[in-house]
Amino acid sequence: MSGLRHPHVIYVHELIDTPTTVFIVMEYVEGGELFDYISQNSRLSEPEAIRLMRQVLSAVDFCHSKMICHRDIKPENILLDGNLNVKLGDFGLCNSMRYGECLRTPCGSPNYASPEVICGKSYSGPEIDIWSCGIILYVLLCGCLPFDDDEMSILFVKIKLGKYHEPSHLSNDARALLQRMLDVNPVTRITMRELFSPALTFHPAVRSVTDEHESIRLEKPQDDDLEAASAVALKCSRFKPRWSMGVAGFKSEFQCVNLLTDTLRELGYKWRFAPGFKVYCRRDPSRKQRMQFQFTMQLYKMKYMCYLLDIQMKTGPIMPVLHEGIRLVETLKRKLKLSTLLN
1 MSGLRHPHVI YVHELIDTPT TVFIVMEYVE GGELFDYISQ NSRLSEPEAI
51 RLMRQVLSAV DFCHSKMICH RDIKPENILL DGNLNVKLGD FGLCNSMRYG
101 ECLRTPCGSP NYASPEVICG KSYSGPEIDI WSCGIILYVL LCGCLPFDDD
151 EMSILFVKIK LGKYHEPSHL SNDARALLQR MLDVNPVTRI TMRELFSPAL
201 TFHPAVRSVT DEHESIRLEK PQDDDLEAAS AVALKCSRFK PRWSMGVAGF
251 KSEFQCVNLL TDTLRELGYK WRFAPGFKVY CRRDPSRKQR MQFQFTMQLY
301 KMKYMCYLLD IQMKTGPIMP VLHEGIRLVE TLKRKLKLST LLN
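Following UniProt numbering, the numbering of the sequence shown begins with 1 at its first residue and continues without gaps.
These aren't lab readings, by the way, just hints derived from the structure by calculation.
Using N, Cα and C, we set each Cβ at its ideal position, and we do this for glycine too.
Among the hints, a few may not be true.
[Stated by the list, open to error] In silico DSSO-like pairs for lysine-lysine, Cα to Cα no more than 30 Å straight-line: (1) Lys278 - Lys251; (2) Lys66 - Lys121; (3) Lys121 - Lys301; (4) Lys121 - Lys158; (5) Lys160 - Lys121; (6) Lys121 - Lys278; (7) Lys158 - Lys251; (8) Lys158 - Lys301; (9) Lys333 - Lys251; (10) Lys270 - Lys301; (11) Lys333 - Lys314; (12) Lys278 - Lys333; (13) Lys333 - Lys270; (14) Lys301 - Lys337; (15) Lys314 - Lys270; (16) Lys121 - Lys270; (17) Lys251 - Lys337; (18) Lys301 - Lys335; (19) Lys335 - Lys314; (20) Lys270 - Lys163; (21) Lys66 - Lys301; (22) Lys278 - Lys314; (23) Lys314 - Lys66; (24) Lys121 - Lys333.
[Unchecked claim] Here are the computed distance ranges between Cβ atoms for each label pair: (25) Ser122 - Ser153: 20 to 28 Å; (26) Phe23 - Lys270: 27 to 35 Å; (27) Phe254 - Glu330: 20 to 28 Å.
Starting from the given sequences, assemble the full structure and let the hints guide the process.
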């Protein structure tokens, strides 16, 4: 992230590594989260929503040009400066893209995850960020999420179907854009090239917006009761916690392998190691368990003497595999925390 210089990406001034702590000196963004801005204003006008979305897309497209897939784009990870201009941040789940290679790790926030991500399918990268941007555009225009449910399995069904309510106040242009961005088929989903093409019709009020730092200020509601109601409306659909399948914080390869084998043994798995710190594991068939799951794990060395264990779902029914993966991750995190406290 320290190498990303763009008007709509939070700038990292300095990284300071100490034996116990990593300090990150970042650009100060005084406007707060986009989520809070939406909560205060409810749905935004179409010109304002498109203006903000153009800036988000500009930041995301820049990241893609640097072969970086963000993978966790949501209003909480987008900040606003004093002029209400976008600053994209929180690159904790980003990954490097390589030509001809696909990513597979399920990550991000469930409400913003694309159908191919929640199904455990491979993805190249840009298409899942575009889906997340489509969700944000819907939230900006409508003040609520297009796909939401307290039950994760029902939420996933809604996302895979791609059916959402289109309020009557949406213009035809906005409807068409949302339909292309929230296309459940990643192959036919709109691309960044199409999003920035002259042929794409944006709202007339923002066609001429090209200055990276132009801002459109909206007056805050004067009615306190109305403002409070607007905030509650979006908070009722507060986004789910970050959803990821991986564990970070290991101090050495030995610590990771030791805790991992202990966890797999406890949960009834057989495993084998492969070159390059890769582990293949499956449930022990001798235990005669009802469902069989297979996971692939890869250990990555990160900066500052820290290691990340990435866990990928390989085979099994999607929902049971997801719940089993979460159980595995939580058990491993608990053991890592205990090991850290003891040392």
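These are the hints, each one checked on the structure:
1. Distance check on the hinted pair: Lys278 and Lys251 sit about 17 Å apart at the alpha-carbon level, within 30 Å; holds.
2. Restraint check for Lys66 and Lys121: the C-alpha separation of about 23 Å stays at or below 30 Å, so the hint holds.
3. Of the pairs offered as hints, the one joining Lys121 and Lys301 holds, with about 25 Å between alpha carbons and a cut-off of 30 Å not exceeded.
4. Between Lys121 and Lys158, the direct Cα distance comes to roughly 17 Å. Compliance with the 30 Å bound is thereby established for this hinted pair.
5. For the hint linking Lys160 to Lys121, the alpha-carbon distance of about 12 Å falls within 30 Å, and the restraint holds.
6. This hinted pair checks out: Lys121 and Lys278 have alpha carbons roughly 20 Å apart, not beyond 30 Å.
7. Restraint check: the Cα-Cα separation between Lys158 and Lys251 comes to about 40 Å, which exceeds 30 Å; the hinted pair is violated.
8. Restraint check for Lys158 and Lys301: the C-alpha separation of about 37 Å exceeds 30 Å, so the hint is violated.
9. Of the supplied pair hints, the one linking Lys333 and Lys251 holds, its CA atoms being roughly 13 Å apart against a limit of 30 Å.
10. Restraint check for Lys270 and Lys301: the C-alpha separation of about 24 Å stays at or below 30 Å, so the hint holds.
11. Note on Lys333 and Lys314: the hinted pairing holds, with a Cα-Cα distance of about 21 Å set against a maximum of 30 Å.
12. Straight-line distance between C-alpha atoms of Lys278 and Lys333 comes to about 19 Å, which keeps the hinted pair within the 30 Å bound.
13. At roughly 20 Å between alpha-carbon atoms, Lys333 and Lys270 fall within 30 Å of each other, so this suggested pair holds.
14. For the proposed pair Lys301 and Lys337, the alpha carbon gap of about 19 Å is at most 30 Å, so the pair holds.
15. With a CA separation close to 15 Å, the supplied pair Lys314 and Lys270 stays within the 30 Å bound.
16. At most 30 Å may separate the alpha-carbon atoms for a hinted pair to count; Lys121 and Lys270 meet this at roughly 24 Å.
17. A hinted pair counts as satisfied when its Cα atoms are at most 30 Å apart, and Lys251 with Lys337 qualifies at roughly 12 Å.
18. Proposed proximity of Lys301 and Lys335 is supported: the alpha carbons are some 20 Å apart, at most 30 Å.
19. In summary, the hint linking Lys335 to Lys314 is supported, as the alpha carbons are separated by about 24 Å, within the 30 Å threshold.
20. Taking the CA atoms of Lys270 and Lys163, the gap is about 41 Å. The hint is violated against a cut of 30 Å.
21. Using a Cα cut-off of 30 Å, the hinted pair Lys66 and Lys301 holds, with the two alpha carbons roughly 21 Å apart.
22. Pair hint Lys278 plus Lys314 holds up; C-alpha atoms about 13 Å apart against a cutoff of 30 Å.
23. Proposed proximity of Lys314 and Lys66 is supported: the alpha carbons are some 29 Å apart, at most 30 Å.
24. A distance of roughly 25 Å separates the Cα atoms of Lys121 and Lys333; the hinted pair therefore holds under the 30 Å criterion.
25. Separated by about 22 Å at the C-beta atoms, Ser122 and Ser153 satisfy the suggested range of 20 to 28 Å.
26. At about 42 Å, the CB distance of Phe23 to Lys270 disagrees with the hint of 27 to 35 Å.
27. A hinted range of 20 to 28 Å for the beta carbons of Phe254 and Glu330 is consistent with their spacing of about 22 Å.
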